[in-house]
Amino acid sequence: MSVLDVRNIRKCFGDTTVLDDISFTLEKGETLSIIGASGSGKTTLLRCLNFLETPDSGKIIVNGETLFDADDKNTQRESEKRKKRLHFGLVFQSFNLFPQHNVLKNVTLACELLAKERVDYKQNKRAIQKEIENNARELLDSVGLSEKLGFYPHQLSGGQQQRVAIARALALRPDILCFDEPTSALDPELTGEVLKVIKGLAEKDTTMIIVTHEMQFAREVSDIVMFMDGGVVVEQGHPEFVFAAPSEERTKQFLERYFEG
Amino acid sequence: MDLFLDVTQNLLVGFAATCKLFILTLIFSLPLGLVVSFGSMSRFFPLRWLVRTFVWIIRGTPLMLQLFVVFYGPGIVWGTTIFADREVAAVVAFVINYSCYFSEIYRSGIEGVPKGQNEAGQVLGMTKPQIFYHITLLQVIKRIVPPMTNEIMTLVKDTSLARIIAVVDIIFVAQRYITSSALLWPLFYSGVFYLLFCGLLTIIFRQFERKLRFFSV
Numbered sequence: 015m016s017v018l019d020v021r022n023i024r025k026c027f028g029d030t031t032v033l034d035d036i037s038f039t040l041e042k043g044e045t046l047s048i049i050g051a052s053g054s055g056k057t058t059l060l061r062c063l064n065f066l067e068t069p070d071s072g073k074i075i076v077n078g079e080t081l082f083d084a085d086d087k088n089t090q091r092e093s094e095k096r097k098k099r100l101h102f103g104l105v106f107q108s109f110n111l112f113p114q115h116n117v118l119k120n121v122t123l124a125c126e127l128l129a130k131e132r133v134d135y136k137q138n139k140r141a142i143q144k145e146i147e148n149n150a151r152e153l154l155d156s157v158g159l160s161e162k163l164g165f166y167p168h169q170l171s172g173g174q175q176q177r178v179a180i181a182r183a184l185a186l187r188p189d190i191l192c193f194d195e196p197t198s199a200l201d202p203e204l205t206g207e208v209l210k211v212i213k214g215l216a217e218k219d220t221t222m223i224i225v226t227h228e229m230q231f232a233r234e235v236s237d238i239v240m241f242m243d244g245g246v247v248v249e250q251g252h253p254e255f256v257f258a259a260p261s262e263e264r265t266k267q268f269l270e271r272y273f274e275g
Numbered sequence: 149m150d151l152f153l154d155v156t157q158n159l160l161v162g163f164a165a166t167c168k169l170f171i172l173t174l175i176f177s178l179p180l181g182l183v184v185s186f187g188s189m190s191r192f193f194p195l196r197w198l199v200r201t202f203v204w205i206i207r208g209t210p211l212m213l214q215l216f217v218v219f220y221g222p223g224i225v226w227g228t229t230i231f232a233d234r235e236v237a238a239v240v241a242f243v244i245n246y247s248c249y250f251s252e253i254y255r256s257g258i259e260g261v262p263k264g265q266n267e268a269g270q271v272l273g274m275t276k277p278q279i280f281y282h283i284t285l286l287q288v289i290k291r292i293v294p295p296m297t298n299e300i301m302t303l304v305k306d307t308s309l310a311r312i313i314a315v316v317d318i319i320f321v322a323q324r325y326i327t328s329s330a331l332l333w334p335l336f337y338s339g340v341f342y343l344l345f346c347g348l349l350t351i352i353f354r355q356f357e358r359k360l361r362f363f364s365v
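Chains as they are written, first to last, in our numbering: chain V, 15 to 275; chain F, 149 to 365.
Isolated chain V (complex conformation) (with noise of 0.2 Å):
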């Protein structure tokens, strides 16, 4: 059974089709990278699987569970958005960390708020925190930033700050983690940093969605590359046959352009 199987998701905003008829899977501990012009469509997809957008229709199935189903309102209920939230995670363009929270706190803080609608949380409270401290320490290391715990976002380069918002998302264990343009918004000496982290979680075998202008980067680590174009899939399949070898004249036309410029 895939992880995520989503099926002929369609999304207007207004007159204009930002996805036509999307559908995709993914199985567990696969990395799938999205690329394409911008305003193809990848963010707003993102944004739909992450329920920040509600698709017109089609359906978002998670490990066989169905989260969304335009046809069928039991599934978009505001109240059991939330809950649903918590399959995916999201790394945002602009990190959108806490400002006034340090970079611990910024990992550990949803992760508290949600532990305190366990039933067990009032006993054992001390056990709870410590068990959520360490995993964010943990997680902190292992994106090299266990030095800056009490450091504060505005305190830290764009490069740090992605990496803390990396372990901010993988603190909630998510099923699947999205990416969206996780470098755009740094230096380029500052974008290897990020690409690395993200690398050494597809080796890990993290279940994730990349949406990237890194075309080298996207060649590497992904299992599956995805090309869109105007709200649709124009390609998908391996990256060494997508980027080597595209079978789509639109697909050739991008990739040439872009390794050109």
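Derived from the structure by calculation, the hints contain no laboratory data.
Please note that the accuracy of each hint is not assured.
[As the list claims (entries may be wrong)] Below are the DSBU-like pairs computed for lysine-lysine, each with C-alpha atoms no more than 30 Å apart in a straight line:
#1 Lys97(V) with Lys276(F)
#2 Lys276(F) with Lys95(V)
#3 Lys266(V) with Lys119(V)
#4 Lys144(V) with Lys276(F)
A quick note: this is a predicted structure, and the numbers were derived from the prediction, not measured.
Model the placement of chain F on the given structure of chain V, informed by the hints.
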């Protein structure tokens, strides 16, 4: 010297009324302003329109007129006064006026928080109240402290308008010396009270700003 002490004593009594008006206005208009700002940001069009029109009227007319309307208005319309007490009428007029001004400051503060902050909270599974309390609130406070300081300093001095419906504030007392004893200096002396009070507020708010300097928005 006796005269100076006498004047000081009387001015202090007037200043107590000034402070009372100032503090009561703050206590009621700070939270009420937040309610008004929510109204002006409401997704329900009629409510938003109503609130924004009201804010426009209040911000677009002199506070002095509003004092008259609150104190004399009910008597003219219904033949009976609602606020028999002049001080109560003054507080009501000030609260209405300042709630509207504060609401616009709150609104700019709330709308100034980037959308991404809200979305980051959402994808981390937080509820709306959690997002407001743990993420938005402190960022809003940090943004609004400077404009709030300004507005509150203005309020200190605006309280002197209440004397037009015969609330006995410090200026009112000082003016009495002109008519009764032909003394002008108590009026200038009253300025010292305002100056010291505003100085104190400046120090307090500066401390507050300093406390919020540990992060940047």
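Okay, the hints, checked on the actual structure:
1. Between the alpha carbons of Lys97(V) and Lys276(F) the distance comes to roughly 13 Å, so the proposed pair stays at or under 30 Å and holds.
2. With a C-alpha separation of about 12 Å, the suggested pairing of Lys276(F) with Lys95(V) holds against the 30 Å cut-off.
3. The straight-line distance between the Cα atoms of Lys266(V) and Lys119(V) is roughly 45 Å, outside the 30 Å bound, and the hint therefore fails.
4. Between the alpha carbons of Lys144(V) and Lys276(F) the distance comes to roughly 26 Å, so the proposed pair stays at or under 30 Å and holds.
Violation of the numbered hints given earlier is confined to hint 3; every other hint is satisfied by the structure.
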